[in-house]
Each structure stands twice: as structure tokens, then as C-alpha cells.
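Respectively, the protein sequence lines represent chains A and B.
Quick note on my numbering: the first sequence kicks off at 1 and runs consecutively.
Quick note on my numbering: the second sequence kicks off at 1 and runs consecutively.
Note that these hints are calculated values from the structure, not bench results.
None of the values given here were measured: they were computed from a predicted structure.
Yeah, the Cβ is synthetic: ideal placement off N, Cα and C, and Gly gets one too.
There may be inaccurate statements among the hints.
Stated by the list, open to error - Partial list, computed: chain A residues near chain B (C-beta under 7 Å):
1) Q37
2) Q41
3) D64
4) L67
5) W69
6) G74
7) E163
8) V183
9) D319
10) Y322
Take a look at the letters that make up each chain.
Protein chains: 2
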Amino acid sequence: MNTGQALLTDLYQLTMMQAYRDRGMDRTAVFELFVRQLLPQRNFLIFAGLEQALDFLEGLRFADAELNWLRGSGQLRPEFVDSLADFRFTGDVDAIAEGTPFFPDEPVLRVVAPLPEAQLVETRLMNLLQFQSVVASKAARCVLAAPGRLLVDFGLRRAHGAEAGMLSARAAFIAGFAGTSAVEAGMRWGIPTYGTMAHSFVQAHDSELEAFEHFARAFPQGSTLLIDTYDTEAAATALVPLAHRLARDGVRVRAVRLDSGDLGEHAFKVRRILDEGGLNQVLIFASGNLDEWKLRDLTAARAPIDGFGVGTRVNTSADMPYLDCAYKLQEYAGVPRRKRSEGKATWPGRKQVYRRLDAQGRPAGDTLTLVDDVQPGEPLLQPVMRGGRRLAPAPTLDQVRAHTAAQLERLPAAIRGLDAAAPYPVDVAPALHALAEAVDRRIDAAGRG
Amino acid sequence: MNTGQALLTDLYQLTMMQAYRDRGMDRTAVFELFVRQLLPQRNFLIFAGLEQALDFLEGLRFADAELNWLRGSGQLRPEFVDSLADFRFTGDVDAIAEGTPFFPDEPVLRVVAPLPEAQLVETRLMNLLQFQSVVASKAARCVLAAPGRLLVDFGLRRAHGAEAGMLSARAAFIAGFAGTSAVEAGMRWGIPTYGTMAHSFVQAHDSELEAFEHFARAFPQGSTLLIDTYDTEAAATALVPLAHRLARDGVRVRAVRLDSGDLGEHAFKVRRILDEGGLNQVLIFASGNLDEWKLRDLTAARAPIDGFGVGTRVNTSADMPYLDCAYKLQEYAGVPRRKRSEGKATWPGRKQVYRRLDAQGRPAGDTLTLVDDVQPGEPLLQPVMRGGRRLAPAPTLDQVRAHTAAQLERLPAAIRGLDAAAPYPVDVAPALHALAEAVDRRIDAAGRG
Numbered sequence: 001m002n003t004g005q006a007l008l009t010d011l012y013q014l015t016m017m018q019a020y021r022d023r024g025m026d027r028t029a030v031f032e033l034f035v036r037q038l039l040p041q042r043n044f045l046i047f048a049g050l051e052q053a054l055d056f057l058e059g060l061r062f063a064d065a066e067l068n069w070l071r072g073s074g075q076l077r078p079e080f081v082d083s084l085a086d087f088r089f090t091g092d093v094d095a096i097a098e099g100t101p102f103f104p105d106e107p108v109l110r111v112v113a114p115l116p117e118a119q120l121v122e123t124r125l126m127n128l129l130q131f132q133s134v135v136a137s138k139a140a141r142c143v144l145a146a147p148g149r150l151l152v153d154f155g156l157r158r159a160h161g162a163e164a165g166m167l168s169a170r171a172a173f174i175a176g177f178a179g180t181s182a183v184e185a186g187m188r189w190g191i192p193t194y195g196t197m198a199h200s201f202v203q204a205h206d207s208e209l210e211a212f213e214h215f216a217r218a219f220p221q222g223s224t225l226l227i228d229t230y231d232t233e234a235a236a237t238a239l240v241p242l243a244h245r246l247a248r249d250g251v252r253v254r255a256v257r258l259d260s261g262d263l264g265e266h267a268f269k270v271r272r273i274l275d276e277g278g279l280n281q282v283l284i285f286a287s288g289n290l291d292e293w294k295l296r297d298l299t300a301a302r303a304p305i306d307g308f309g310v311g312t313r314v315n316t317s318a319d320m321p322y323l324d325c326a327y328k329l330q331e332y333a334g335v336p337r338r339k340r341s342e343g344k345a346t347w348p349g350r351k352q353v354y355r356r357l358d359a360q361g362r363p364a365g366d367t368l369t370l371v372d373d374v375q376p377g378e379p380l381l382q383p384v385m386r387g388g389r390r391l392a393p394a395p396t397l398d399q400v401r402a403h404t405a406a407q408l409e410r411l412p413a414a415i416r417g418l419d420a421a422a423p424y425p426v427d428v429a430p431a432l433h434a435l436a437e438a439v440d441r442r443i444d445a446a447g448r449g
Numbered sequence: 001m002n003t004g005q006a007l008l009t010d011l012y013q014l015t016m017m018q019a020y021r022d023r024g025m026d027r028t029a030v031f032e033l034f035v036r037q038l039l040p041q042r043n044f045l046i047f048a049g050l051e052q053a054l055d056f057l058e059g060l061r062f063a064d065a066e067l068n069w070l071r072g073s074g075q076l077r078p079e080f081v082d083s084l085a086d087f088r089f090t091g092d093v094d095a096i097a098e099g100t101p102f103f104p105d106e107p108v109l110r111v112v113a114p115l116p117e118a119q120l121v122e123t124r125l126m127n128l129l130q131f132q133s134v135v136a137s138k139a140a141r142c143v144l145a146a147p148g149r150l151l152v153d154f155g156l157r158r159a160h161g162a163e164a165g166m167l168s169a170r171a172a173f174i175a176g177f178a179g180t181s182a183v184e185a186g187m188r189w190g191i192p193t194y195g196t197m198a199h200s201f202v203q204a205h206d207s208e209l210e211a212f213e214h215f216a217r218a219f220p221q222g223s224t225l226l227i228d229t230y231d232t233e234a235a236a237t238a239l240v241p242l243a244h245r246l247a248r249d250g251v252r253v254r255a256v257r258l259d260s261g262d263l264g265e266h267a268f269k270v271r272r273i274l275d276e277g278g279l280n281q282v283l284i285f286a287s288g289n290l291d292e293w294k295l296r297d298l299t300a301a302r303a304p305i306d307g308f309g310v311g312t313r314v315n316t317s318a319d320m321p322y323l324d325c326a327y328k329l330q331e332y333a334g335v336p337r338r339k340r341s342e343g344k345a346t347w348p349g350r351k352q353v354y355r356r357l358d359a360q361g362r363p364a365g366d367t368l369t370l371v372d373d374v375q376p377g378e379p380l381l382q383p384v385m386r387g388g389r390r391l392a393p394a395p396t397l398d399q400v401r402a403h404t405a406a407q408l409e410r411l412p413a414a415i416r417g418l419d420a421a422a423p424y425p426v427d428v429a430p431a432l433h434a435l436a437e438a439v440d441r442r443i444d445a446a447g448r449g
């Protein structure tokens, strides 16, 4: 994913770059990425996608074919396009760690770079970071809603294209899912891959039991059989003698999958059928339009379901398929900047987020302030890139996943819950208020002439 | 996009393939892709993504690195993985044309191929077709809601990854958008690219008017200036003398952009300021959280807005970020098949959709039936691939766009509307009812033993 990303940008980034170049405006710019607000039903967000963002910045080049196309487009001057051949991202990046909870107005990533560089990368940075963060946040809610259950990402087929399928598998794994059905995500990142069987396998056989036997014998070490194609309980009942017969041949049926109807009701009935048939060790796996609320309901009802395939609604973050995020200029040439558009005003300057912990080590509130205004608590933004190069190798996905689990574990109970809670407190320090007022006075004094 | 797609599949497709191979189950399978139901606020869907689906099928190969990874994963038998080296898709595909409206239960694509081939391709086919269709459908509603206005896709930054940004730009263009801000989509498909300027450009200057002048002079043939960074009307007022001064140097300000506040109210005020200042030819462009309903309201209010940048809500199809679609086995080895899971039963057999036209040439209702049961009307599914090869070159995007426009034009008025209408009639022919009953009797007779 390191090449061919230079044109994953909005045209205006390139036209602005040309205009900056015309005026020699290549001094240092500071941009910060943040989310403006949360939907009421979300109490926190989880930051994800940093490694892809850093890959993008390190690898950013214009290929010859891209330069040729830009020249032919007629939208940019040829000598400006020529200059892009040497383009490299040479800036600095500070960011919060992947898997860390964050809240509105808090910068999660800061880019400090010559203005044209910092401008060009806006589109793809937002594209990578907002999507993984929105999915990681949704997936984390699923994990919290179904403690101790195995959750597997099943969503590639209805993800928004291939990259969405890959990045959502990664984000869900970070958030605590056990793995994914997407084979490519297994190859790319070593995420454990899981699979069951499809209705088509059953339908392609003239007998459902024959289908079960064929599939089980193909994977004697353990298979998951889909039992809802025609009649769930009838299939479970018929499976009992088959599973015993297969066991005598060393063939193990590991689980059955339910995919339709009232999953909880079917699970209770199927569990009883399996237990009464001596198949206590056969697990029950369920899927079908699941999200955090359905997982909570099934868990609360103590439905005997050991694992869940969770797909579309998490991969598309169906109730909130995007974050109201922004990447805004906060300083240029040493001067703090501020946008004041209605409802979209921003806090100026280079900022830091301090997270205060209570006596039990749980986050008690954050302070948003300027980088040089040290406050109590843990500073969340840390250096990750200097001069266009990563400062350290990427952590492993398992490390990120463990960090996320620890962070979720210590979130206040109300914030962890699925229902809307009182907002997590994010205070704006006096120093930042003072700077914003100073910037306003400067803008008003400069006027617009 | 032709290589490296073989592992964009669910693990179970590969495990089922291995099990099919064990049993020599490689006879002809018929799968159809369809949508189960629509959300109440959608009256029609637009089919899109066929060309990417056919590219995928034609180019499908397992690369050596993919085969090596599969061998190492331990989830498949080595000799089965070896056999994948020669895998090619050799099947037939029939489909409705891109840009054609469709409705629940209607097959939009039929794959007829040896069972293992037809099974493997399920995941990526759905991934490509459902996403472009969901975006094309949403974008078409925007086009219908704002007749005569220029609509431009601005959504790459909050699309679900890079491919989502590209495919949604394509889908929106098919649906009638004028173009996109995504440069890569311009290079890949020749979609016209549009750009304005960002708040950061204004903020990076000490004076807003200086920013306007710098940008305008960089693009003397015409530029769009963003005027809401501090105070929209004040910026418009200050622009008047600047624009006249620039015009004397041959520098043209083509448009201004509004991006915050009440867009309609600002547009009326700004239009008056520009007109009174003699800038009648300067257009007004607006953006910011737009969707079909906001476009309809602004259009109904006769807001003097000439064009709209429409982003996130269309690129993510925010109110319906996925379709309840399925790719189901309808026939194997010459025998019609049917899934009967609760709430998810399917119509068996190879099917065709006939669209009846009224005296004015408008669709009056569809008939869903078997391919050999000819009905009045136009058969929508047409052959597009035989033996794994396309039957004809892909139509140009302009051709697809013109087809879509003509199809939207002739849809019944209530179906074209944004509000929920009486469902478009889709009848199931007696022949299909009869086949479904026959399949049910066969399944019941076979039992599950």
C-alpha cells in the first residue's frame, strides 16, 4: 500500500500547492486532525489506522504515469507538475497510540511540515484514519457488549470495496475481535482467519446430512456446520447420530452455526438437542445482522452462543458510517491560526491532550491545551515521525490489540456502556482560551482587506 | 485492479472448494445476486459496478505469494492449494446493464459456472456490486432532487478507504454527477475533476483578501474562492472590488463557495452582494453535509446556488450504508435449489426479469420468472460473459451515464420522488411459484437423512 497513493487526493490540494509555490509559501504549517462531535449513542472513539497513515507518508511519491496524467489534464502548470517528481513528505508527526480512546475536539494526529506537504496529505490521512477509527470504535462496543464471547469479522462482502474490507478487519481485530473471514487480511497482517460453511454448500447436496458429512470429513480436525438452511432444530436433531458416527472415524464437529430467525431462541433449543444427544462439546456460533445491541440482548438473555460472526453493521459502522472529523491548519509560519466558520470554529495552535487518572488508574477527564502548557496527567500525543521517517518500527497488531483491551478495561463504566452517558469531561485550559481570543483579535484587526 | 484479488474472499469459500473437490462436485452451478428488501425511504436502486466485477472475473488468478501463504496457513490441504495455481474463472455471466433501476428480489447478475468457481467469487462480486449500487442509488436521488444543478463528488476523505473513494466517484458520475474532486478517479476513468480551495489556504494568509488574490492569480482562467472562513457576507462584500481589479488583469473569479451556516440564507445574501457589485456572472457553489433532502430543500427554496459539492453522506450512503443483498445458489447439476431459512427464502431456478412499459414508454411493472417462461416486456438480464471472457468491450462511462439518465427520466414520478411511495410492482410469475413448490416438495421428500 506504499505506491500509487499520490493522486488519492482532492484536486484542490494540488491547485493550492501550485498557488503556495507561486508565492513561496513553504514555511512550516501545523495541521491537527480531530473529531468535532460524537453521535449521542457513542460515548467514546478508538483511534486506529496510524500505521497505514505513516506508511502513506513515508512512501508518498508521484509516479511518472501520474505526472504525465497531471500534465495532460491541463489543470496545473507544467513546471509545477515537473516539481512534483521530487516530492517527498519531510515533516514531523505526533499522534496518540492506536487503540487509545479519544473524544471530540482532541487532536489525534499533528502534522508539522512545509505548508504544501502538509496540505497535500490531508485527503488520504483523513481517509485512512477516520475509517479505521469509526470501525474500531463500533467493534469495541461489540466487544464490550459480549464479554468472553468469540467475535469474528464476517463483513468483507458488504464492506465498501476491498480496502474497506481489509482495514475494517484490522480495526475490528485491534478492538478485540478474535479474527476475520477475510483471507487477504490474514495474509497481510497475520490476523487469524475463521470460516464456517455457506447455505450454497448445503443446497448443492440433495441431502442436508450428506452435506454435513462431506464437509466434516474434508476437515476432520474440526468443522463448523451451518444448520439453518431448511429447519434449524430438525437439522440439529439429525446431526446428533451423524456426529457420533463421524467421531468414531476421528472426525470432529466443532460447532454449528445459526444464521436466521430468533438466534437466542434457536440457540436454547439447539443447545438442548445437542446436550441431550451427548454433544455437549459442540459449540454454537451465530451470525446475521448482528451489532452491539443485539449482542448485548443475546448476552443478557444468557443465550448459549459461544461465538458470533459480526459483519456488515460493524464493517460499515451502519448507525454512524462516518466521523465528523477535520484536519485543520492551526499554525503557519509561527503564527497560530483559527477558522471561525459558523458551527465549525477551531482551537488554534499546537495542542496536547492530558488525560488525568483517578486513584484506581481510570481516566477521570482530559485537558486540551497548548503543547508548552504542561498539565497534570498523561500527555497522549507522542512523536512518531521526524523528517518524514518513522521514529520506531510499527508495534505488532497483537501489541496494539493488548493496548486497546487495557484501555477499554479502564474506561469509566458509564462510558463503556452502549447507552448515551454524560459526556466524558474534556476541559479546555485557560492558556488555550487566551490564545483563541488573541487570534480573534488579530483577525479582527487585520480585517479582510 | 486485475491482480491480487484472489484472497479477497471469505475463508469458507476456499474450505468449501476443497470439500467440493473431495467429492468431485464440479458440475454447473447457477448463482444469482439480488437484494432482499429496500429501506422505506428508497423507492428504487441503480445497478452499478458490473465492469469492475467482470474485470475481477477475467483477471482472477492466485499469485505464487498467495499460494505460499495458503500452504503455510495450515487450513487447507497442500494438494488442494497446488490445484489453485491453475484456477481460472471459466463461467458465463448475465447481468442487467449498469445504470438500470432494479427492485427487491430481482436478480441483477447470474453466474453459471462449475460449482467451485462460482462459489469462490461470491465475496468479491458482492463487495464490488453492492457498494457501487448503493452509492449510485443515493447519488441518483441527489440528481433527481436538484435538477439542473451541477453536483460534484467531494467525498474521498470520508469514504471507507481508497477503493471506496474511487468506486463511489465512479458510481456518482454514472448517476449523473458532473465529476469528482478525487484526482485518481480522473486518471483512472477520465471522470472530470473539480476543485475549489480550502479554509487552510485562507488561514495561511494574514489577510483573507490576499488569499483570494493569490489563488485567483494562480488560476487566471477561472477559480472558485471559499468565502466562509471568518464572515461570509463580509468576504463577499470585500471580494467585489477585488474581482473587478483582477478582471482588469484578465484574471477571472468563476465562483464563490459557501461551506457553513444556513447555505440557502447565505446564498441569497451573497447573490445580492455580488449582483449589486456587478458580479452577476460569478457563480455560487455550496457544500457541507449535503444529501438529497437538503438539496431538495435548497432547490425548493430557489436558493441561488449553481452547484453543490456533495460528499460524505453520498459516498458512505449514510442513511443506508449497505444493501441487504445475497448471492444464492439457485440450481446445481441441473436441479433447481432453494434456501428456506426463516425470512430468507429464495426463488429457485434461472430467472429473468421482464420490465413492462406503458404507452408513454415508462416502466409499469416487472415480472420475475424463469428464463424460459417468456413474458411481455423487456428482458433485463443479458449475456455479458461466456467462458470467462467478456462478450463485448465495456461501454464508456459516458454511455453508462447517458443510459442511467434516460432510465431515471422514464421512472414513474412517485418512484423518482424522495419520499416513500407505493412499491414498484414486481410480480412473480405462476411458473416460478410452481417451481418453488416443486422444490419444496422435493426437499421435504428427501428429508434431512
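Right, here's what the structure says about each hint:
1. Q37: Constraint on A:Q37 not satisfied, violated at 12 Å.
2. Q41: Interface hint status for A:Q41: violated (15 Å vs cutoff 7 Å).
3. D64: 12 Å, violated
4. L67: 11 Å, violated
5. W69: Holds, about 4 Å.
6. G74: 10 Å, violated
7. E163: 3 Å, holds
8. V183: 4 Å, holds
9. D319: Check failed: Cβ of A:D319 comes no nearer than 9 Å to chain B, outside 7 Å.
10. Y322: A:Y322 check passes; min Cβ-Cβ to chain B is 5 Å, inside 7 Å.
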